[in-house]
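Residue numbers (our numbering), protein chains in the order written: chain A, 95 to 286; chain B, 335 to 484; chain C, 2 to 688.
If you're looking for bench data, these hints aren't it; they were derived computationally from the structure.
Don't be surprised by glycine CBs; every beta carbon is placed ideally from N, CA and C.
Do not take every clue at face value.
[As the list claims (entries may be wrong)] Taking lysine to aspartate or glutamate and the DMTMM-like style, the derived pairs with C-alpha atoms no more than 25 Å apart in a straight line are:
1. A:Lys202 to A:Glu224
2. C:Lys291 to C:Glu118
3. A:Lys202 to A:Glu271
4. C:Lys291 to C:Glu403
5. A:Lys202 to A:Asp153
6. C:Lys291 to C:Glu364
7. B:Lys404 to A:Asp216
8. B:Lys404 to C:Asp222
9. B:Lys404 to C:Glu549
[Stated by the list, open to error] Derived contacts from chain B toward chain A, CB cut-off under 7 Å, selection only:
10. Ala385
11. Pro425
12. Ala429
As a plain string of letters, each chain reads:
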Amino acid sequence: MPDAERMNHHASDDDARTAARNHPGLLALTAAVLLLSVFFGIAFSRNNIAQPEAGVAPDFEVMTFAGETLGLADLRGRVVVLNFWASWCGPCRVEAPVLQTIHERWRKRGVTVLGIAYIDVDRHSLAFIEEFGLTYPNAPDRGNRVSDRYNIQGVPETFVIDQQGHIAHFFYAAVNETALETVLLRLLPGDA
Amino acid sequence: MKTILLALVLLSLALPALAQPVSDDDVNAVAARLYCPVCENVPLDDCETAACRQWKSEIRYQLDAGLSPKTIIDDFVARFGQRVVGTPTDPTLRALALVTPWALALGAFLSGGLLLRRWARQRRAASLPDAHDPQNDYRARVEADLRARR
Amino acid sequence: MLAEIGLGALLLAFVAAVTALLAALGAGLRKRDDWLRSARNAALLTFPLLLCSISALLLALLDGHYQISYVWSVTDPATPSFYRFTALWGSQQGSLLFWSLLLSLYCFGAILLNWREHRPLMPGVIAVTMATLAFFLALSLLLENPFERFWLAADGAVLRSAFIPAGARAPDIARLAATASGLNPLLRHFGMIIHPPMLYLGFTGFVIPFAFALAALASGDLSATWIRATRRWTLLAWMFLGLGLLLGGRWAYDVLGWGGYWGWDPVENAALLPWLTGTAFLHSVLIQEKRGMLRLWNMLLVIFAFSAVLFGTFATRSGLIESVHSFARSDIGFPLFAFWSAMTLVALGLTLWRQRQGLLRDERAFAGLSGRESLFVLNNVVFAALFIAIFWGSFGAPLISEVLLDAPITLGVDYFMQVTPPLFAILFLLMGLAPLAAWGNSSLRRLGMGLRAPLLLTLPPLALLALAGMRTAEALLAYGLVTLAGMVALIEIIRGARARVRAWGETWPQALVALFNRNRGRYGGYVVHLGVTVIGIGVIGSTLFQAETQRTLARGESLTLQNYELRFDDFSEALANDGRLLQVAAVTLSRDGRHIARLRPRIDVFPQQPMTIAGIHSSAENDVYVLLTGHDETGARATFRLTINPLINFVWWGGLLLLAGTLIAAWPQQLSVASQRQDSPLQELQA
Numbered sequence: 095m096p097d098a099e100r101m102n103h104h105a106s107d108d109d110a111r112t113a114a115r116n117h118p119g120l121l122a123l124t125a126a127v128l129l130l131s132v133f134f135g136i137a138f139s140r141n142n143i144a145q146p147e148a149g150v151a152p153d154f155e156v157m158t159f160a161g162e163t164l165g166l167a168d169l170r171g172r173v174v175v176l177n178f179w180a181s182w183c184g185p186c187r188v189e190a191p192v193l194q195t196i197h198e199r200w201r202k203r204g205v206t207v208l209g210i211a212y213i214d215v216d217r218h219s220l221a222f223i224e225e226f227g228l229t230y231p232n233a234p235d236r237g238n239r240v241s242d243r244y245n246i247q248g249v250p251e252t253f254v255i256d257q258q259g260h261i262a263h264f265f266y267a268a269v270n271e272t273a274l275e276t277v278l279l280r281l282l283p284g285d286a
Numbered sequence: 335m336k337t338i339l340l341a342l343v344l345l346s347l348a349l350p351a352l353a354q355p356v357s358d359d360d361v362n363a364v365a366a367r368l369y370c371p372v373c374e375n376v377p378l379d380d381c382e383t384a385a386c387r388q389w390k391s392e393i394r395y396q397l398d399a400g401l402s403p404k405t406i407i408d409d410f411v412a413r414f415g416q417r418v419v420g421t422p423t424d425p426t427l428r429a430l431a432l433v434t435p436w437a438l439a440l441g442a443f444l445s446g447g448l449l450l451r452r453w454a455r456q457r458r459a460a461s462l463p464d465a466h467d468p469q470n471d472y473r474a475r476v477e478a479d480l481r482a483r484r
Numbered sequence: 002m003l004a005e006i007g008l009g010a011l012l013l014a015f016v017a018a019v020t021a022l023l024a025a026l027g028a029g030l031r032k033r034d035d036w037l038r039s040a041r042n043a044a045l046l047t048f049p050l051l052l053c054s055i056s057a058l059l060l061a062l063l064d065g066h067y068q069i070s071y072v073w074s075v076t077d078p079a080t081p082s083f084y085r086f087t088a089l090w091g092s093q094q095g096s097l098l099f100w101s102l103l104l105s106l107y108c109f110g111a112i113l114l115n116w117r118e119h120r121p122l123m124p125g126v127i128a129v130t131m132a133t134l135a136f137f138l139a140l141s142l143l144l145e146n147p148f149e150r151f152w153l154a155a156d157g158a159v160l161r162s163a164f165i166p167a168g169a170r171a172p173d174i175a176r177l178a179a180t181a182s183g184l185n186p187l188l189r190h191f192g193m194i195i196h197p198p199m200l201y202l203g204f205t206g207f208v209i210p211f212a213f214a215l216a217a218l219a220s221g222d223l224s225a226t227w228i229r230a231t232r233r234w235t236l237l238a239w240m241f242l243g244l245g246l247l248l249g250g251r252w253a254y255d256v257l258g259w260g261g262y263w264g265w266d267p268v269e270n271a272a273l274l275p276w277l278t279g280t281a282f283l284h285s286v287l288i289q290e291k292r293g294m295l296r297l298w299n300m301l302l303v304i305f306a307f308s309a310v311l312f313g314t315f316a317t318r319s320g321l322i323e324s325v326h327s328f329a330r331s332d333i334g335f336p337l338f339a340f341w342s343a344m345t346l347v348a349l350g351l352t353l354w355r356q357r358q359g360l361l362r363d364e365r366a367f368a369g370l371s372g373r374e375s376l377f378v379l380n381n382v383v384f385a386a387l388f389i390a391i392f393w394g395s396f397g398a399p400l401i402s403e404v405l406l407d408a409p410i411t412l413g414v415d416y417f418m419q420v421t422p423p424l425f426a427i428l429f430l431l432m433g434l435a436p437l438a439a440w441g442n443s444s445l446r447r448l449g450m451g452l453r454a455p456l457l458l459t460l461p462p463l464a465l466l467a468l469a470g471m472r473t474a475e476a477l478l479a480y481g482l483v484t485l486a487g488m489v490a491l492i493e494i495i496r497g498a499r500a501r502v503r504a505w506g507e508t509w510p511q512a513l514v515a516l517f518n519r520n521r522g523r524y525g526g527y528v529v530h531l532g533v534t535v536i537g538i539g540v541i542g543s544t545l546f547q548a549e550t551q552r553t554l555a556r557g558e559s560l561t562l563q564n565y566e567l568r569f570d571d572f573s574e575a576l577a578n579d580g581r582l583l584q585v586a587a588v589t590l591s592r593d594g595r596h597i598a599r600l601r602p603r604i605d606v607f608p609q610q611p612m613t614i615a616g617i618h619s620s621a622e623n624d625v626y627v628l629l630t631g632h633d634e635t636g637a638r639a640t641f642r643l644t645i646n647p648l649i650n651f652v653w654w655g656g657l658l659l660l661a662g663t664l665i666a667a668w669p670q671q672l673s674v675a676s677q678r679q680d681s682p683l684q685e686l687q688a
């Protein structure tokens, strides 16, 4: 980034020895570029992070549409199917009944399905929940905080988080029943 | 009787509002200041994705309900974060975004001014008549002019 | 076969570039002239090799070799040949190779044209250009190879590889053709044949001035030599970049369907930054040529122009920012980032080193505050401020707030319309004043006297604009400044010609031709100023006085905006032979009740995404821009967005003047004597 400071030519007199003096503007500029490139390096590497597919699932707390506060940490010991969706998203309409079925079938066996509405208007989210008769907890993503933590690139995307709070599986597109149940069976073998 | 009168007054107040439904232009005026994260860096009024259409319909709904554009924008910011407006509404972020370039530009102007002053001083110190300058007689006037301006 | 030829030529070009780089470094360090000649020959070889490589890719595109994954991803059997040609730069791999080709074209030209005159700088020039070329070719070879092909492994898996994997065979061509994706619909525009090449010619051209600057720093010969070699190359790159920006604006106006040509989108801004730096350099370099001043500053401008090019390339091609103009996220982000950072820091380090040795000190003292130098210094300050403001808005603020404050923000049109207009206003004011001030010393009175005629001539157009209804204070101020700058340029040209007519009795046409011939740089520059004035008029009109309305109409209904009326007549659907569905509305446009045009705004529905194509009624006064933004199932009701863009065509006409002026200024002077005689009495008279 050019800064006019560098125009401070120091050639204040003709003594050749003074030529070897440092030029504060030029030094400042070089330092600024160095800083900038370190900074952009950090920004870029952060930006380039894809969705986490393993490791500890980033924690969060949301207020569901039903008005109840739900934190990921509170669900330790249960398998969490964390689904990002939006009412304007076509594939989400295909997926919603699947998730509802999974919820009904697996709720008692230690699985919590949690929906997070991404860049969605509350009224439309609620209409969507009603249309598909979803009874599992759903929450709006205030300030996009949860979506940012999980670096999602679009909807639908689904993370399966195990009993210890680690990400066990990541679905980049709409989930299908068989694939999701295979993952759940792996995590909860005793309940087959 | 009073209630009927009151109802009539209210109705007459409401009628103009009913007669003038929210127009697309009203919606676009608000949308032009918003940026939907689905199409980054494209103002909402120019974006036609499903999510953006939904946002526009929400703006219309809120305008219909009588909310002011400012309230609507604040509501969107509260729900989706600072990134959805063209310039942040949060005072700190707003100051960071808007004051910094002016401060840096001011720095540039100051440096330019300092450079010119240094050049002028050097010249005065050297006080060489400029062989290339056919208009030496003007210089006295320039300097007088400049002194007069200070 | 084409893939093998293309890949082989690409590989050889890379080897030649590395050879040239090493030989040039050796020649520079050991002062070996034979090594320098080898470096030259190897460097010259890269251009024909890359030409061969890209021809192979082009033939593969035209001929539909869908086994090559690049061909498969940007064309399909329905793609017309015109778009098969433009598909060459339609996606990351092809455009990267094309970028390298243009880079090597510039190296080819610079080495051939400047070999004799600037031999001592050649080791540095060849080393820097070839290092850059080798870097980009390595990206093509290792990460974004345009010659990768599809293969079927023995187990039936589909592989992508440049070479045939063991045990694999070529997949069925017919199936490949049937599944090919076709070109991104947004890129199906006639402007796509010319906009990217212009833009890339602009970007890559800045490598030559940068190389000369680094060569001068490395060799320690920081006299005016490198500046002389550099100016024309900068002018060329600057012209192409300017045209590329304008054509990009035109593309956005025609294809993106939002009624404007400049959205202050980060990618557009990234391309504007080197252009601004280049403009600043083209002015301040004159101070160095004429007065031997601002030497350090000029060095920095050249460095930052190329640094901005590399940064823009990184930002656009890495997925750092998302935009309608950018490429998909890619692996080349980190290498590009590292290269940008390394090149910039190395160049700054060299500058720092030479500055400490006192080699970048000014040669001549200042002659007076009202001389042209002061105005040029101011002009550079404003360019620097613009650069900072635009960089901050596009990259600085959003990234800082995301990384340090964890609060992602957007800086949109609001921000840029608050910060940049005052700076542009000062630029236009300086553009009006500087040509009137003499080098060295000048007087305020002389400036004032020079301003009288242009000021008088500025009044009639202003009155005309005021009569036309553009009467706000900001509009009159903006138009006043812009017109004044144009009038000054015009009067300077006329005064120069008149002096010749009076002194030598030439006819006016003779005098004008001779005038431009004698001092192409100056008078070409004035034509550029005129072009920028005309662009300015268009930008102010279409920004301050744009009017817009949107409504849903039933057939036969109409909407009005100012004195225009738009009636919705009909709606129809048709299937085009390239597979897109056309939804066309027929509308009638009338003004003050008089019919003026029938327009057909439409929506092209491609499988990937819909595209809104405006119906435009264009005249000198304005563009009436009609968009079909939506319709119900039967087409009985449709939503239209009507935009009136006053004076918008001035933007494109100004672009033509800009091109003409730059060509005049950059055209080689046949007689070197002509440039030596600048101090003749007549020239003084014209100054």
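Now the hints, each set against the structure:
Among the hinted pairs, Lys202 of chain A with Glu224 of chain A is consistent with the structure: their alpha-carbon atoms are about 23 Å apart, no more than 25 Å. Our distance criterion of 25 Å between C-alpha atoms is met by Lys291 of chain C and Glu118 of chain C, whose separation comes to about 21 Å. For the hint pairing Lys202 of chain A with Glu271 of chain A, the CA-to-CA distance comes to about 18 Å; that is within 25 Å, so the pair holds. Note on Lys291 of chain C and Glu403 of chain C: the hinted pairing is violated, with a Cα-Cα distance of about 46 Å set against a maximum of 25 Å.
Between Lys202 of chain A and Asp153 of chain A the CA atoms are separated by roughly 23 Å; this keeps the pair inside 25 Å, and the hint holds. Distance restraint check for Lys291 of chain C and Glu364 of chain C: the Cα-Cα separation of roughly 11 Å lies within the 25 Å cut-off, and the hinted pair is therefore satisfied. Restraint check for Lys404 of chain B and Asp216 of chain A: satisfied, since their Cα atoms lie roughly 19 Å apart, inside the 25 Å limit. Between Lys404 of chain B and Asp222 of chain C the CA atoms are separated by roughly 61 Å; this puts the pair beyond 25 Å, and the hint is violated.
Note on Lys404 of chain B and Glu549 of chain C: the hinted pairing holds, with a Cα-Cα distance of about 21 Å set against a maximum of 25 Å. Restraint check, Ala385 of chain B versus chain A: the minimum CB separation of about 5 Å is within 7 Å; hint holds. A hinted interface residue such as Pro425 of chain B counts as satisfied when its beta carbon comes closer than 7 Å to some beta carbon of chain A; here the least separation is about 17 Å, so the hint is violated. Against a cut-off of 7 Å between C-beta atoms, the interface hint on Ala429 of chain B is violated, since the closest Cβ of chain A lies about 20 Å away.
Checked against the numbered hints listed earlier, the structure breaks hints 4, 8, 11 and 12; every other hint is satisfied.
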